[in-house]
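*Asks:* Chains as they are written, first to last, in our numbering: chain A, 4 to 249; chain B, 17 to 329.
Treat the hints as calculated values from the structure; they're not laboratory data.
All residues carry an ideal CB built from backbone N, CA and C; glycine is no exception.
Among these hints, one or two may not hold up.
[Unchecked claim] Non-contacting residues of chain A with respect to chain B, defined by C-beta distances greater than 10 Å in every case (computed):
| # | residue |
| --- | --- |
| 1 | Thr23 |
| 2 | Asn25 |
| 3 | Glu31 |
| 4 | Asn32 |
| 5 | Gly33 |
| 6 | Gln35 |
| 7 | Glu52 |
| 8 | Ile57 |
| 9 | Asp71 |
| 10 | Glu85 |
| 11 | Ala91 |
| 12 | Asp92 |
| 13 | Ala150 |
| 14 | Arg186 |
| 15 | Asn189 |
| 16 | Pro205 |
[Unchecked claim] Covered stretches of chain B, going by a simulated chain A footprint (3 or more residues, C-beta under 8 Å):
| # | segment |
| --- | --- |
| 17 | 123-134 |
| 18 | 152-164 |
| 19 | 260-267 |
| 20 | 304-317 |
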Amino acid sequence: MNILVCISKAPDTTSKIAFTNNSTQFDENGVQYIVNPYDEWYALVRALELKESIGGNVTIITVGTTADEAIIRKALAIGADEAVRIDADPKDAYFVAMQISSYAKSKGFDIVMTGKETINYNGSQVGGMIAEAMDLPFVSLATKLDASGSKLTLEREIVGGVQVVEVQTPAVISCAKGMAEQRIPNMRGIMAARTKPLTVIPAETVEDLTSYASYSMPNAKSSVKMIDPSNMDELVALLHNEAKVI
Amino acid sequence: MVLVYINSTTGLSKAALETVTYGKKLSGDVTVITNGAASNEQLAQLGEYGASRVLVDRSVNGEDPQQLARLIAGVADQVSASTVIFSHDIYGKAVAPRLSVRMKAGLVAGAIAIPEADGSVKVNVFSGKAAGFVKVASSKQIISLLPNSIQPEKAGNACEVAEISGLAGESAITILETKKPEGNIPLPEAELVVSAGRGLKGPENWGMVEDLAEALGAATACSRPVADIGWRPHHEHVGQTGVAIRPNLYIAAGISGAIQHLAGVNGSKVIVVINTDSEAPFFKAADYGVVGDAFEVIPRLTEAVKRFKATQH
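Make the full structure from the sequences, and use the hints.
*Replies:* Encoded structure:
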């Protein structure tokens, strides 16, 4: 099974979120970047498990600058065989998807995997866009993936339930919780990652379809109104009369 | 001209009515394209929310994003749609990106409001810790609307419904089985949510959470540790790496309110926090707080809700 796993950087989940330049740019000051958790915990680890059980090769790919090589080495330390970095500062999901699909088209991957979304932009866009650009089937929000020959069996989240589906390779899969368990790289993996192949390729020209004009922070909550724990009738009355939610 | 896609496999959801309402706010001419099981009579009701006409392809099961992208792009072409609206639910997340590439139309994923005066559209970013304003550079645009961001509004009368076919092509995805628990309110669509965390001490204590949810007509949710140790199913986990929700009311019991949990719920309109620890960080994000033992407060709240409901009939 020849698998391509798309990874993105994301700010550590405890990062303080702030903006600079008149609220038009994310303030990277003091921000630690990690591999987007959905890409790492679910897509990458499941890809490695499939490789371990049925053989094959796992390539990771990201669209980013030299600053992103730290997350690439992390993914290699977890166990990916090789890495590709498309050299560009990603502008939007369409740009990223066009770069990755253009690279992947001629490489004969059986599965292209992504996390279900990034934790910074939460768009859930790249997987579906890659699938369309490559004219491949797309199974989104998969929570289980098994492979047998060229047949993939998947479970996916649907509204209020679970669906079991089957699709032939090649296919694009976006991965959600349940797919695999997080792996912590060991020292051997970290050492090996230093010498694993990392190919850097130039980006293609792609027009931007979207951009962020500006950002804003949510309004601070007015101070919390404390209710006596013995007086839940008061809370219900407030929810009805003041908050008007019940 | 605006085209709205809704999935009517399980009838007309609130999310469907929200997207039609959203379309109506952008254009006086709204075409709805759908697949699935809703009857023509049900679909005609979409006119009351602003649809000018509804097109339905009953040959499509709605589970293959590739088929849906072909269908929606085909209809968009026929009706010369410049904007396509989805709900940012499991269907929108799967199909809208495909359609973006197919139509070369910029996608605003997860809109939480109607477009601003400058045409940009507000979305949640950083898992709800901030908002961004997305501008689309292409002549066509796609907007997927986060559920519960706007309220459905009636704006007209029943409209015509026409059956169509032949645009979607074959499906590459075979459905082997669909497992759906009965009677549960799907969490992402729920207007009221009761959630609990490690403070409940064990899965055997969830009965009182379910009782409160039932009294309110709410969905149940939980914090990440509770899902990770298997007390509750993963699909109930709300937070940065779980489901992000924006109900009208979120009641959290025995959850301290770590930043990753807040990220998934701070779009809620009203937050009630119940915790024994008056220093719990969640109180800072709450509208109403109760310092007390969940084991006493939750049953008391359930009784209070029942008394209130009894007065409403």
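*Asks:* So, for every hint listed, does it hold in this structure?
*Replies:* Evaluation of the provided hints:
1. For A:Thr23, the requirement that its beta carbon stay farther than 10 Å from each beta carbon of chain B is met, with the minimum near 13 Å.
2. Annotated as non-interface, A:Asn25 keeps its C-beta farther than 10 Å from every C-beta of chain B; the closest such distance is 13 Å.
3. Interface exclusion of A:Glu31 from chain B stands, the closest Cβ pair being 13 Å apart, more than 10 Å.
4. The claim that A:Asn32 is not at the interface with chain B holds, since no C-beta of that chain comes within 10 Å of its own (minimum 15 Å).
5. Separation of A:Gly33 from chain B is adequate, the least Cβ-Cβ distance of about 15 Å exceeding the 10 Å criterion.
6. For A:Gln35, the shortest C-beta to C-beta distance to chain B comes to about 14 Å, beyond the 10 Å cut-off, and the non-interface label holds.
7. Every C-beta of chain B lies more than 10 Å from that of A:Glu52, the closest at about 18 Å, which supports listing it as non-interface.
8. In this structure A:Ile57 is separated from chain B by more than 10 Å, as the shortest Cβ-Cβ distance comes to about 20 Å.
9. Distance check for A:Asp71 against chain B: the nearest CB is about 18 Å away, which clears 10 Å, and the non-interface claim stands.
10. With a minimum CB-CB distance of about 27 Å to chain B, A:Glu85 clears the 10 Å threshold, and the non-interface call stands.
11. At roughly 17 Å from the closest C-beta of chain B, the C-beta of A:Ala91 stays outside 10 Å, upholding its exclusion from the interface.
12. For A:Asp92, the requirement that its beta carbon stay farther than 10 Å from each beta carbon of chain B is met, with the minimum near 17 Å.
13. No beta-carbon of chain B is positioned within 10 Å of the beta-carbon of A:Ala150; the least distance is around 15 Å.
14. Remark: the non-interface label on A:Arg186 is consistent with the geometry, its nearest Cβ contact in chain B lying 15 Å away (cut-off 10 Å).
15. Chain B leaves A:Asn189 outside its interface by the beta-carbon criterion, the shortest separation being 22 Å against a cut-off of 10 Å.
16. Its beta-carbon lying about 22 Å from the closest one in chain B, A:Pro205 satisfies the requirement of being farther than 10 Å from that chain.
17. For a cut-off of 8 Å, the count of residues in the segment 123-134 of chain B with a CB near a CB of chain A stands at 5, and the three-residue condition holds.
18. Figure legend: the segment 152-164 of chain B, annotated as covered by chain A; annotation consistent (3 residues with Cβ-Cβ distances under 8 Å, at least 3 required).
19. Under the rule that three or more residues need a Cβ within less than 8 Å of chain A, the assignment of the segment 260-267 of chain B holds, with 3 such residues.
20. Counting residues of the segment 304-317 of chain B whose beta carbon lies closer than 8 Å to any beta carbon of chain A gives 10, which meets the minimum of three for the stated coverage.
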